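Chains as they are written, first to last, in full-length UniProt numbering: chain A, 1 to 345; chain B, 1 to 335; chain C, 1 to 154.
The hints are simulated quantities; they were obtained by calculation from the structure and are not laboratory data.
All the pointers check out, no bait thrown in.
Facing chain C, according to a computed beta carbon distance under 8 Å, are these residues of chain B, among others: (1) Phe32; (2) Tyr74; (3) Arg78; (4) Ser87; (5) Val90; (6) Asp103; (7) Thr144; (8) Lys146.
Note that this is a predicted model, so its numbers are computed, not measured.
A virtual CB, placed ideally from N, CA and C, is assigned to each residue, including glycine.
If you want the building blocks of each chain, they are given just below.
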Amino acid sequence: MEQADINQEMEQVEIKQENITIVETKENVEPPNKINSLKSLGPFIAARDNSKNTVYLSDVPDVCKEKPCMLGVDEAGRGPVLGPMVYGIAYCPLESKQVLEDLGCADSKQLNEEKRDSIFDELNTLDYATSCVGWAVEIISPNVISSSMFRRTKCSLNEVSMDSAMGLIQQAIDAGVNIAEVYVDTVGPPEKYQEKLLKRFPNFKITVAKKADSTYPIVSAASICAKVTRDHALKVWKFPEGLFIKDNAFGSGYPGDPVTKRFLTEQIDAVFGYPRLVRFSWSTAENALADKAYNMEFDEPDSEKPKYAGTKLTKFFKETTKTGEVKRVECRLFRECHLDNVVDF
Amino acid sequence: MSKKSTRSTKLKSDPDAVPKKASVCAIKKVLFIAHNLLHGEQKICLERFYHPGKGRNALFATLGDSVIMEVLEYAESRRSWLLTALSTEVCSNGRIYITAPIDLNFLALHQLRKHCSQRAISLDSISEDSDTNRLLTKFVNPETLKCVADVKTSGEQSFYKYNAARTMAWLALKTRQVMTVLRKKQVHCGRGAKSQNYVQSEKLADGNDVNEMDYTRMACDYVGRYLDADLHEELTRYLHIPSEIQALVEEQSNAQKRKSQQSESKANSKKIKLAGEDAASKLRQSGLVDSEEPVTSPTAAAPTPLKERSLTAKEKALAKGAKGSKSIASFFKAK
Amino acid sequence: MSITLDFDVQQLDNNKRPLELHYLPAKIDGDGECADANKFFNNYTQEVADYGPGVLTNCLRGYPLLGKKLQPPEGYKGVVLQETDPSQTNRQLRLTGTFKDFTYWNYDKVPSKGDGYQQTLLALELAEALAAPIDESEIEEELKQQQETKKENT
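Go ahead and model the full structure; you've got the sequences and the hints to work with.
The structure is reproduced here in structure tokens:
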């Protein structure tokens, strides 16, 4: 992008506070329960609680229940500090591979947004696609990402990811998809991931590979579903915090993006930090808050608690002051419930 | 707890950082005030009086000259308040100040022992300190002082002399009142961590002696926080509470007796065996672990404390060495 | 030096709307106004049945919280006071407001009887028991028993 473009884009970021008196305008049209075109994707997402995860499964084409299928898994939005991470799966009979190629499901990284949108639309509208290709996505809320990673027993992003992927595969199984082969894209080392998947789904032929989306069209289809969903989730993001940002232009969410940078600088509250669009567990967010928000300290995570040591001899000694006076220890009950007299007030 | 090991959102400090949101805020405090302070025309005052357990002045809430309560603070290390009236604000002082009932005899006792051990003195001439004077003449109930002092009257005047025997009796009765609540609430008073696994076999295996002593120790420990240190020790002796280390040794030998009995009868209790294999859990149950956040907690509805504790070699040695001896601490005290 | 709680004890509830309080499980190095809790926090509070009845969930700066609505202990009134100048000789704390309940939050731990706060309530019951007066006749009885035990031992 040219420097001029960036500047222009930055100009467009207008951040306003909504009036307190705004009343939710109830739309007369029921929010869609089905995503059957690109157009229905945004409204579907917008109607969901964006502080929680949302799972959507397309109808399972009949042929996918009968014939052995391949299933691809890919994700979108793993790196950014903003917005949800989306896991996607797509599946079709092994014999229908040609349909994927006809749809244009090639290396999804090579496709621009427009192209991805149109493939997604065709995947959901054209008979030759809907009759044999099914898909599903899980939108993992940034609120859930942060709170999982900040649990007392930490849950890494990899665990969140794998749980989501396996959950989607399970849902496909439960919906009747006759899965034979599974292809998974991964950024990390494939071996461990493959092992874990095999353990859970021992009957499938499972392939975990880096850049699987460029190698396997079914992964590419999954990738398109995930990416299009993530893009739309950001576009229709409504801030429960009452922020309004024109065109939801908060940038790509990558720390290097000046628009994202500016968003992270300007939208800080001393106590709450950011609106929950932001993944608090990202160091980018933590660093920005360290400068401008109140320092906040929770209990240390379980893993960092001191290990049990042997008996401390000091337990049997009473503490003495320098003058040799015995320091009195507060009674056990008060100690344990953090009670004491007030000396300074 | 080292700062390093805590989860903090603060990663670095930037000297050029934009100053934090300016706060024109009054310092706020959250209180639980007992209803008996909330009546009448007068305003509540906070005053300082000498607290024998603390060895210094502490805060008390008073209503005129009629009501007095001890002010306690609940002060967990990582707590703050978020409060919303018309707008929201944060309050870094995460304490809760609580007014608690107190028998003023405890505060008076310190003065009586200090000034009235040898001769009987009237309350208004015990101390020249105005706060103490106010405490003794306005709040202390002369009637209840009879529990800890001999009273001589001459005309309108009453004179008080500290009575050690009555005081001990009074304190013992106080301790029993506390024990009643501990027992009623099934507060876990043993040193060991609570373990659901042990409860059943324990109950069958043993009487209630140790258990009873745990309650006594806990109650005496609590009563002691209102006494001068030497008086607390006197009470501990009066109630025949063995030092903790002594108690440990006794438990240990009892446990071993039981163990051999058990192995003879090849009696079941799989759980004990299982736990016996787990060194870490042993140590935990031994209650010997010192930690900032106690492993044990006197939780309501906790099961009966366990006695089947195994000690590590180190602990055994320590306990053995201490058997029959005085509390180690007693050698370090100022005479 | 004196400290006065400068409010009419009989009219505590008359004037103001109750305050809404959250007891947060974090040390926060700051005081003062912040964004509206109704938009940044309260609207995210949810009751999650998995954790038991009345258990609430929320997050603060991404940290998962589990909470419960609690009331001040029986026999107590929840009060918030403020002081503008603690350096004065005659200190005065004014009433900000009162509260009937507050939300107690733990960091990723279901609020339980094991929490220090809950045990504080127990401590108050002990204080009650310790403060309860003792009848003189009981003392005489105790003294008599003590005498007898001594005799037996000698």
